[in-house]
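> Following the hints, put chain D in place on chain Y, whose structure we already have.
2 protein chains.
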Amino acid sequence: MSSMETSVGIVEKQFFTFAEAPNKIVLESGAELGPVTIAYETYGILNDQKDNAILIAHAFSGDSHVAGHYATDKKDDKPGWWDFLVGPEKGIDTNKYFVICPNILGSCKGSTGPSSINPETDEPYGLNFPMMTIGDIVVTQKMLIDHLGIKRLRAVVGGSVGGMQILEWCVRYPNMVQAALPIATTMRHSALAIAFNEIARQSIISDPNWNKGDYYNSQPPNLGLAVARMVGHVTYLSDAAMRRKFGRKLQDKKSFSYGFDGDFQVESYLRYQGEKFVNRFDANSLLYITKAADYFDVVDLMKTPALETKPADNKIKYLVVSFSSDWLYPTYQAKELVQALKYKGEDVSFCEIEADCGHDAFLIPDDRFISLIRGFINGIS
Amino acid sequence: MSSMETSVGIVEKQFFTFAEAPNKIVLESGAELGPVTIAYETYGILNDQKDNAILIAHAFSGDSHVAGHYATDKKDDKPGWWDFLVGPEKGIDTNKYFVICPNILGSCKGSTGPSSINPETDEPYGLNFPMMTIGDIVVTQKMLIDHLGIKRLRAVVGGSVGGMQILEWCVRYPNMVQAALPIATTMRHSALAIAFNEIARQSIISDPNWNKGDYYNSQPPNLGLAVARMVGHVTYLSDAAMRRKFGRKLQDKKSFSYGFDGDFQVESYLRYQGEKFVNRFDANSLLYITKAADYFDVVDLMKTPALETKPADNKIKYLVVSFSSDWLYPTYQAKELVQALKYKGEDVSFCEIEADCGHDAFLIPDDRFISLIRGFINGIS
Chain Y
1 MSSMETSVGI
11 VEKQFFTFAE
21 APNKIVLESG
31 AELGPVTIAY
41 ETYGILNDQK
51 DNAILIAHAF
61 SGDSHVAGHY
71 ATDKKDDKPG
81 WWDFLVGPEK
91 GIDTNKYFVI
101 CPNILGSCKG
111 STGPSSINPE
121 TDEPYGLNFP
131 MMTIGDIVVT
141 QKMLIDHLGI
151 KRLRAVVGGS
161 VGGMQILEWC
171 VRYPNMVQAA
181 LPIATTMRHS
191 ALAIAFNEIA
201 RQSIISDPNW
211 NKGDYYNSQP
221 PNLGLAVARM
231 VGHVTYLSDA
241 AMRRKFGRKL
251 QDKKSFSYGF
261 DGDFQVESYL
271 RYQGEKFVNR
281 FDANSLLYIT
291 KAADYFDVVD
301 LMKTPALETK
311 PADNKIKYLV
321 VSFSSDWLYP
331 TYQAKELVQA
341 LKYKGEDVSF
351 CEIEADCGHD
361 AFLIPDDRFI
371 SLIRGFINGI
381 S
Chain D
1 MSSMETSVGI
11 VEKQFFTFAE
21 APNKIVLESG
31 AELGPVTIAY
41 ETYGILNDQK
51 DNAILIAHAF
61 SGDSHVAGHY
71 ATDKKDDKPG
81 WWDFLVGPEK
91 GIDTNKYFVI
101 CPNILGSCKG
111 STGPSSINPE
121 TDEPYGLNFP
131 MMTIGDIVVT
141 QKMLIDHLGI
151 KRLRAVVGGS
161 VGGMQILEWC
171 VRYPNMVQAA
181 LPIATTMRHS
191 ALAIAFNEIA
201 RQSIISDPNW
211 NKGDYYNSQP
221 PNLGLAVARM
231 VGHVTYLSDA
241 AMRRKFGRKL
251 QDKKSFSYGF
261 DGDFQVESYL
271 RYQGEKFVNR
281 FDANSLLYIT
291 KAADYFDVVD
301 LMKTPALETK
311 PADNKIKYLV
321 VSFSSDWLYP
331 TYQAKELVQA
341 LKYKGEDVSF
351 CEIEADCGHD
361 AFLIPDDRFI
371 SLIRGFINGI
381 S
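These protein sequence lines map, in sequence, to chains Y and D. With this note's numbering, the residue at position 241 of the first sequence is 241, and numbering never jumps. With this note's numbering, the residue at position 86 of the second sequence is 86, and numbering never jumps.
Okay, chain Y solo, but in the shape it has when bound (with noise of 0.2 Å):
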């Protein structure tokens, strides 16, 4: 792969389970679940330090395709969701560091959910798949991270509910992270983004095809869990985002239908990103992920010491990033993150980028988001 291309070019999905005996984990719930198989991707090579490692997490519906492609005729595979940010040269450049995203749990794109076989049963697990927290899903990373040999990540890096990752790892070992990177997040769900959360899972929930989670062998709910992404979609733009891509822009027709075939671009764009979605997500992950996210709350473990009994050899480097037409994780409530980490004394930078396109703003290529990576990202030591 040439550097001219900037891509980290043909990867492969890689999976690690923790199949040694005990097999199981014990959650944060108390229930336990093994074994337990987490897909991820690797970019880049892992120096002989070990010390060049860069932790991605992804958001809810996202994967462990972070760039590059899986086949080799790239007009029949879409680039990993940061390909802008992550390769060689890139922001977080690949011919420097060693880029690692593990799948979370409870997802469906190849770690262990609720579309799992349960061993015990031989069918898919469905609601019988036990609740995981975010905590959770940052234990089972560390246990990769453990098994790939890396002692300390130079940065753990994500965004929306990656960053709620990024934050348990702060919180739960400290002294694994020299930098960490959470971005367009919050400490914890406001009431606002619980409601919108709320309202998806009760439209999975209210579709019969749903069933109790028990949908593998049957229709799945797909009517239901494209109305989800639906208000999903919504809350990750802005009105400015809205207003300047749809308008009142008319679908196909010159005038209006008076019907409910839908008359507005708006509206046919939406109902694309609903259908789109059940292709390559299952309803269950959904449900069970979003409960994760509202369950999530580090606001007291922010202001208290380190969990781990020693205390951290230095410092973590935070850098806070927010945008400003996100109002599904404002501002404000970064500030608030940030406010907690000064109280604490960490070593914080912050940053609010003015975008207009809300809460997906952090997937969306920009200079000055990458620029800001970059140069954080390099000046780590």
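Do not take every clue at face value.
[Said to hold, decoys possible] SDA-like cross-link-like pairs, simulated, lysine to any residue; straight-line CA separation at most 25 Å: (1) Y/K109 - D/D356; (2) D/K335 - Y/S324; (3) Y/K335 - D/K245; (4) D/K212 - Y/S324; (5) Y/K212 - D/F260; (6) Y/K254 - D/N217; (7) Y/K342 - D/R248; (8) Y/K245 - D/V299; (9) D/K303 - Y/P330; (10) Y/K254 - D/K245; (11) Y/K276 - Y/E336; (12) D/K249 - Y/T331; (13) D/K253 - Y/Q219; (14) D/K315 - D/D347; (15) D/K13 - D/F277; (16) Y/K249 - D/K303; (17) Y/K249 - D/G259; (18) D/K245 - Y/D300; (19) Y/K254 - D/V26; (20) Y/K212 - D/G9; (21) Y/K335 - D/R248; (22) D/K254 - Y/V299; (23) D/K212 - Y/R271; (24) Y/K24 - D/G259; (25) Y/K212 - D/S268; (26) D/K249 - Y/E336; (27) D/K245 - Y/K249; (28) Y/K303 - D/V26; (29) Y/K212 - D/N209; (30) D/K245 - Y/P330; (31) Y/K335 - D/E354; (32) Y/K245 - D/A340; (33) Y/K335 - D/T6; (34) Y/K249 - D/E28; (35) D/K212 - Y/K342.
Hints are computed from structural coordinates only; laboratory data are not their basis.
Frame of chain Y, contents of chain D only:
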């Protein structure tokens, strides 16, 4: 009724049916509908000059019951939805003014709508009900005002979708309107507002019980309608109000359930709102009225001369009111309306009320709001 209790007391719903030949009206879409019944309530006494009438237009899921009680035992009966504003010596003083509130066409609260009997089939209309617009709603209101022998309304007042009706009154019948109070409203829906309406509609349409609108003799689409209401309800609130009211407080439990029954108060509250709504509203009416609101667009009309051929005898006095935390129809949209009216040389006052309770602020008792309306209404001459 004593003015001490400052209530309009016991009121009764009345009905007006356009029964004379031709008993059909032609709607904006070109479709015909008839006969049409409009349910309405009145408060106070129409004076001999018939010049003290005020029309109040209700919001999307509202009804004609603005003030007072239906039952003699008030414990069994909720007061009207603007009881804090409308009554003897209240902001809109029924000792002085004759207040009329019609239930809108397409609703399910007494006026003709999709749940009404189609005289051609003797079955409920369902989707055979023709699509109506905010303009059509106002045409039927004008027929009611004609029927009451009123030539000119002292004022037309309404919030949200009610405010849209106020603007249609001004562009369609400017000579019949002395003053107009469009409150918490917009000249047209943004893409964001259309998006939330479309999600609500898709939630209903995705419910198998909806059955293409034909459910009046079977189980109605209660689950879909409940989720639709949850979506709507959140858009009527604000981040700040939800933080104040719910924050992350748990319902009943002392710790997390690690399940999907709902842990947070905001979840239970939303479910309750959804369940309550299905007992008082028809799913098809939601579809039709949200679509009418999405179609509504008076931006061009607000910038051009009145539709009536005869020029207005005198200018309409406008009071445009917005609320600072309303993110469904934000203040910038109210300012666009003010700007359009000023451009036309209209007599317009504007007030943004600082309130953290979101779009619903116009339905919540607030002394500043009441004083503002009182002062403006009493100053009309």
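> With reference to the structure, classify each hint as holding or not holding.
Evaluation of the provided hints:
For the hint pairing Y/K109 with D/D356, the CA-to-CA distance comes to about 41 Å; that exceeds 25 Å, so the pair is violated. Restraint check for D/K335 and Y/S324: satisfied, since their Cα atoms lie roughly 22 Å apart, inside the 25 Å limit. With a C-alpha separation of about 22 Å, the suggested pairing of Y/K335 with D/K245 holds against the 25 Å cut-off. Proximity of D/K212 to Y/S324 is assessed by CA-CA distance (about 42 Å); at most 25 Å being required, the pair is judged violated.
With a C-alpha separation of about 10 Å, the suggested pairing of Y/K212 with D/F260 holds against the 25 Å cut-off. Under the criterion of a C-alpha separation no larger than 25 Å, the hint pairing Y/K254 with D/N217 is inconsistent with the structure, at around 37 Å. Of the pairs offered as hints, the one joining Y/K342 and D/R248 holds, with about 24 Å between alpha carbons and a cut-off of 25 Å not exceeded. Between Y/K245 and D/V299 the alpha-carbon distance is near 19 Å, which keeps this suggested pair within the 25 Å criterion.
The straight-line distance between the Cα atoms of D/K303 and Y/P330 is roughly 36 Å, outside the 25 Å bound, and the hint therefore fails. For the given pair, Y/K254 sits about 45 Å from D/K245 by alpha-carbon distance, which is inconsistent with the 25 Å threshold. At most 25 Å may separate the alpha-carbon atoms for a hinted pair to count; Y/K276 and Y/E336 exceed this at roughly 36 Å. A C-alpha spacing of about 22 Å is found between D/K249 and Y/T331, which places the hinted pair at or below 25 Å, so the restraint holds.
This hinted pair does not check out: D/K253 and Y/Q219 have alpha carbons roughly 35 Å apart, beyond 25 Å. In summary, the hint linking D/K315 to D/D347 is supported, as the alpha carbons are separated by about 7 Å, within the 25 Å threshold. The suggested pairing of D/K13 with D/F277 holds, with an alpha-carbon distance near 21 Å, which does not exceed 25 Å. Of the supplied pair hints, the one linking Y/K249 and D/K303 holds, its CA atoms being roughly 20 Å apart against a limit of 25 Å.
This hinted pair does not check out: Y/K249 and D/G259 have alpha carbons roughly 42 Å apart, beyond 25 Å. For the given pair, D/K245 sits about 21 Å from Y/D300 by alpha-carbon distance, which is consistent with the 25 Å threshold. With a C-alpha separation of about 22 Å, the suggested pair Y/K254 and D/V26 falls inside the 25 Å cut-off, and the hint holds. With a C-alpha separation of about 49 Å, the suggested pairing of Y/K212 with D/G9 is violated against the 25 Å cut-off.
The suggested pairing of Y/K335 with D/R248 holds, with an alpha-carbon distance near 19 Å, which does not exceed 25 Å. Restraint check: the Cα-Cα separation between D/K254 and Y/V299 comes to about 18 Å, which is no more than 25 Å; the hinted pair holds. For the hint linking D/K212 to Y/R271, the alpha-carbon distance of about 18 Å falls within 25 Å, and the restraint holds. Between Y/K24 and D/G259 the alpha-carbon distance is near 20 Å, which keeps this suggested pair within the 25 Å criterion.
Taking the CA atoms of Y/K212 and D/S268, the gap is near 19 Å; set against the 25 Å cutoff, the hint holds. Distance check on the hinted pair: D/K249 and Y/E336 sit about 19 Å apart at the alpha-carbon level, within 25 Å; holds. Between D/K245 and Y/K249 the alpha-carbon distance is near 37 Å, which puts this suggested pair outside the 25 Å criterion. Proximity of Y/K303 to D/V26 is assessed by CA-CA distance (about 66 Å); at most 25 Å being required, the pair is judged violated.
The suggested pairing of Y/K212 with D/N209 holds, with an alpha-carbon distance near 18 Å, which does not exceed 25 Å. Straight-line distance between C-alpha atoms of D/K245 and Y/P330 comes to about 19 Å, which keeps the hinted pair within the 25 Å bound. Only pairs whose Cα atoms come within 25 Å are accepted, and Y/K335 paired with D/E354 is accepted, the gap being roughly 24 Å. Annotation: proposed proximity of Y/K245 to D/A340 holds, straight-line Cα distance about 24 Å (limit 25 Å).
With a CA separation close to 47 Å, the supplied pair Y/K335 and D/T6 exceeds the 25 Å bound. Our distance criterion of 25 Å between C-alpha atoms is met by Y/K249 and D/E28, whose separation comes to about 20 Å. A C-alpha spacing of about 57 Å is found between D/K212 and Y/K342, which places the hinted pair above 25 Å, so the restraint is violated.
Against the hints set out earlier in the document, violations occur for numbers 1, 4, 6, 9, 10, 11, 13, 17, 20, 27, 28, 33 and 35.
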